[in-house]
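Residue numbers (our numbering), protein chains in the order written: chain A, 1 to 203; chain B, 1 to 474.
Hints were generated in silico from the structure; no laboratory data involved. Just so we're clear, the structure is a prediction, and the values are computed from it rather than from any experiment. Any given hint might turn out to be false.
[What the hints assert, rightly or not] Simulated restraints, written as ranges between beta carbons of each label pair:
hint: 1; chain 1: B; residue 1: 112; chain 2: A; residue 2: 159; range: 37 to 43 Å
hint: 2; chain 1: B; residue 1: 140; chain 2: A; residue 2: 176; range: 33 to 39 Å
hint: 3; chain 1: A; residue 1: 113; chain 2: B; residue 2: 140; range: 47 to 53 Å
hint: 4; chain 1: A; residue 1: 133; chain 2: B; residue 2: 220; range: 42 to 48 Å
hint: 5; chain 1: A; residue 1: 30; chain 2: B; residue 2: 181; range: 53 to 59 Å
hint: 6; chain 1: A; residue 1: 163; chain 2: B; residue 2: 112; range: 42 to 48 Å
hint: 7; chain 1: A; residue 1: 30; chain 2: B; residue 2: 140; range: 35 to 41 Å
hint: 8; chain 1: B; residue 1: 136; chain 2: A; residue 2: 117; range: 28 to 34 Å
hint: 9; chain 1: A; residue 1: 112; chain 2: B; residue 2: 140; range: 45 to 51 Å
hint: 10; chain 1: A; residue 1: 14; chain 2: B; residue 2: 181; range: 28 to 34 Å
hint: 11; chain 1: A; residue 1: 171; chain 2: B; residue 2: 40; range: 55 to 61 Å
hint: 12; chain 1: B; residue 1: 40; chain 2: A; residue 2: 170; range: 56 to 62 Å
hint: 13; chain 1: A; residue 1: 178; chain 2: B; residue 2: 184; range: 29 to 35 Å
hint: 14; chain 1: A; residue 1: 178; chain 2: B; residue 2: 40; range: 47 to 53 Å
Positions of the beta carbon are idealized from the N, C-alpha and C atoms, including for glycine.
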Amino acid sequence: MRARAVALATLASVSIVGIGWQLGTQAIDASQNLTAATGGSAASTAATEAAAQAAATAKAAAESAAAAQTQADTANTAASAKVAADAAAAATAAADAASAANAAAVATASSPSGTFTGSVVQTQFGNMQVSVTIANGAITEVTPLQLTNRGGRSVAISNQAAPILRSEVLAAQSASVQNVSGATYTTDGYLRSLQSALDTAGF
Amino acid sequence: MSLDTRTTRSGPVPTPRTRAALPHPAYGKRMRLADSLQILCVASVAIVIAIFLADGGAARFGTPADAFTSLGIVAGLVGTDLLLVMLVLAARLPPIDRAFGHDQAMAVHQSLGKPALYLILGHAVLLITGYALAENVNVFVEVWNMFTSLPDMPLAFLGLALMIGVVVTSLLVVRRKFRYEAWHAVHLLAYLSVLVAIPHQLSVGGLLSEGAIARYYWLALYAAVAAAIVVFRFVLPVVRSLRHQLRVDSIEQVAPGVVSISLVGRRLDLLGASSGQFFIWRFWSAGLWWQAHPFSLSAAPNGRSLRITVRGLGDASAELPRVPRGTRVSFEGPYGLFTESARTSPRVVLIAAGIGVAPIRSLLETVSFAPGTATVLLRSHSLGDTYLVDELTDLCWVRGAELRIIAGERPTGVNTWLPADASRAGITLSKIVPDLLYSDIYICGPRPWTDAVVRDARAGGVPKKQIHYERFDW
Numbered sequence: 001m002r003a004r005a006v007a008l009a010t011l012a013s014v015s016i017v018g019i020g021w022q023l024g025t026q027a028i029d030a031s032q033n034l035t036a037a038t039g040g041s042a043a044s045t046a047a048t049e050a051a052a053q054a055a056a057t058a059k060a061a062a063e064s065a066a067a068a069q070t071q072a073d074t075a076n077t078a079a080s081a082k083v084a085a086d087a088a089a090a091a092t093a094a095a096d097a098a099s100a101a102n103a104a105a106v107a108t109a110s111s112p113s114g115t116f117t118g119s120v121v122q123t124q125f126g127n128m129q130v131s132v133t134i135a136n137g138a139i140t141e142v143t144p145l146q147l148t149n150r151g152g153r154s155v156a157i158s159n160q161a162a163p164i165l166r167s168e169v170l171a172a173q174s175a176s177v178q179n180v181s182g183a184t185y186t187t188d189g190y191l192r193s194l195q196s197a198l199d200t201a202g203f
Numbered sequence: 001m002s003l004d005t006r007t008t009r010s011g012p013v014p015t016p017r018t019r020a021a022l023p024h025p026a027y028g029k030r031m032r033l034a035d036s037l038q039i040l041c042v043a044s045v046a047i048v049i050a051i052f053l054a055d056g057g058a059a060r061f062g063t064p065a066d067a068f069t070s071l072g073i074v075a076g077l078v079g080t081d082l083l084l085v086m087l088v089l090a091a092r093l094p095p096i097d098r099a100f101g102h103d104q105a106m107a108v109h110q111s112l113g114k115p116a117l118y119l120i121l122g123h124a125v126l127l128i129t130g131y132a133l134a135e136n137v138n139v140f141v142e143v144w145n146m147f148t149s150l151p152d153m154p155l156a157f158l159g160l161a162l163m164i165g166v167v168v169t170s171l172l173v174v175r176r177k178f179r180y181e182a183w184h185a186v187h188l189l190a191y192l193s194v195l196v197a198i199p200h201q202l203s204v205g206g207l208l209s210e211g212a213i214a215r216y217y218w219l220a221l222y223a224a225v226a227a228a229i230v231v232f233r234f235v236l237p238v239v240r241s242l243r244h245q246l247r248v249d250s251i252e253q254v255a256p257g258v259v260s261i262s263l264v265g266r267r268l269d270l271l272g273a274s275s276g277q278f279f280i281w282r283f284w285s286a287g288l289w290w291q292a293h294p295f296s297l298s299a300a301p302n303g304r305s306l307r308i309t310v311r312g313l314g315d316a317s318a319e320l321p322r323v324p325r326g327t328r329v330s331f332e333g334p335y336g337l338f339t340e341s342a343r344t345s346p347r348v349v350l351i352a353a354g355i356g357v358a359p360i361r362s363l364l365e366t367v368s369f370a371p372g373t374a375t376v377l378l379r380s381h382s383l384g385d386t387y388l389v390d391e392l393t394d395l396c397w398v399r400g401a402e403l404r405i406i407a408g409e410r411p412t413g414v415n416t417w418l419p420a421d422a423s424r425a426g427i428t429l430s431k432i433v434p435d436l437l438y439s440d441i442y443i444c445g446p447r448p449w450t451d452a453v454v455r456d457a458r459a460g461g462v463p464k465k466q467i468h469y470e471r472f473d474w
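Please build the complete structure, drawing on both the sequences and the hints.
Here's what the structure looks like:
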């Protein structure tokens, strides 16, 4: 190769790899923002639910819950970390109110029942979504609606991990279960979707 | 007495000593083409790495399992890209032949073989390790899992096995043990090995999964390479053979076992062949049709006929002197940059050993030089086994070139292209040829001998771009 060919080839390669790197960084940032946004909206959903309950049972809590809801709505539209943090704070406030309300309500209100669908969680290997069936205050079934499916390996992993996660969840009766080794993305997506379904159910 | 026997310094014009090494007009254009092709080749590697990074690959090095997996993916991408480059180099594309010549293209093809194999092997080993780490099983269980739970993996492992076979049979030591036809049959399995590996690339990984831009890039790349191979290796030779209807016109005995075969056909001017180029010939007569042989033109093509000079070597080409007149001949070519197009300098040195004289003879006919600025060196074991000497003597006389015949056995154990006594006396190319540094040197002979001449010329300070060679073993 002539010196000029080496120089041009180096320049071209560095630019091409640089563009790839830049696109990759954006993709990684986007997926992290997505995680933050999903977390934020989950918190705000929880806040909304809690606020609604609180408003129904205790007049005193209604004012603070309304304030929390305003803030939570803001969190729904903006995805910045700061707003998410605000929302989390609001959620805590609302949850405090709600726990007070729940304590009063638990004796009379019946436990949630039915099938609840979780939100769609995007991962690098595809979307995850599960639904949960609750009967008499117990998780009786978790059904995967979408599993990570980007490539045959990803399909193989999620097919292997889903039954393990299901039995762990049924045993633990919550979304706080151990990561399935070799299926980090599947586990993460599965449990996040499950949690959102449990939140909807008010479980 | 072996060095320098006959000298025909001749020509009616006195010897002008052209000192200034004028850049040949064709050189700049050819080198720009060569530069572009090389840049394209390097960029293709950069593109596949960029594709991996654009998918967010840089973030997947956090755990040992992820790091092994990511490295394995990159190794597979780069290795496959190199395989495609190798296929393109062997596809006899006209631009590649124009820029580098067949010999150099095949040398690069050969030098990429091992790196490509190592990358593909690395791809397999790294991914098996990475997956095994992630799933917390040993590698044997992981290989079993791959076979049973991943799509298209048996085919991928078959491709890997074929590739190992192809590369191993091409190692020089192993290759010498095979007949050309046997080796070539195994070598063609390379196409199959690339082909059967495609499904797992599209179905197993996420990178080339449905909907990804990278998937379409790779599919386009495969389609383009396949089209190039089909068109330039198969369709074009068949079309040309049918169009030009070559037949054996006459056979002339040059020496025992050596013949000049003259071929005639229709509109041979359309071939665009030049002196010094070779074709891969197939003579459609009993006992010969199943072999194809590369032979260089031994006379300048004139639009009506082509002439080759052939020495029967062991195999069926020993039958060539007896091939009947009128035998149909199919061909692939013309190929090679052992021509005027490779020129960079005003003076010319033509060096041949044995039957390597054939392209030298045709070059001498048409290569451009002022009388007195060209030297022809013929190397042989003895004066008796030089070929086409009468024709060369006449041409040298007409064109004003100097002819030297250097006869004598090469010494054993010394890496030289000269006879034993010349080598002992410290004779080198620059002592034999005046103004070597201002010359284009064309060398044709057996591989080790050619390499020795090239080394001598380089030691004499001749830049690479002025040295042109065609090595006539496979």
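Consistency of the hints with the structure:
| no. | hint | in the structure |
| --- | --- | --- |
| 1 | 112(B) <-> 159(A): 37 to 43 Å | holds, 39 Å |
| 2 | 140(B) <-> 176(A): 33 to 39 Å | holds, 35 Å |
| 3 | 113(A) <-> 140(B): 47 to 53 Å | holds, 48 Å |
| 4 | 133(A) <-> 220(B): 42 to 48 Å | holds, 47 Å |
| 5 | 30(A) <-> 181(B): 53 to 59 Å | holds, 56 Å |
| 6 | 163(A) <-> 112(B): 42 to 48 Å | holds, 46 Å |
| 7 | 30(A) <-> 140(B): 35 to 41 Å | holds, 39 Å |
| 8 | 136(B) <-> 117(A): 28 to 34 Å | holds, 32 Å |
| 9 | 112(A) <-> 140(B): 45 to 51 Å | holds, 48 Å |
| 10 | 14(A) <-> 181(B): 28 to 34 Å | violated, 45 Å |
| 11 | 171(A) <-> 40(B): 55 to 61 Å | holds, 58 Å |
| 12 | 40(B) <-> 170(A): 56 to 62 Å | holds, 57 Å |
| 13 | 178(A) <-> 184(B): 29 to 35 Å | violated, 57 Å |
| 14 | 178(A) <-> 40(B): 47 to 53 Å | holds, 50 Å |
Figure legend: structure checked against the earlier numbered hints; hints not met, in rising order: 10, 13.
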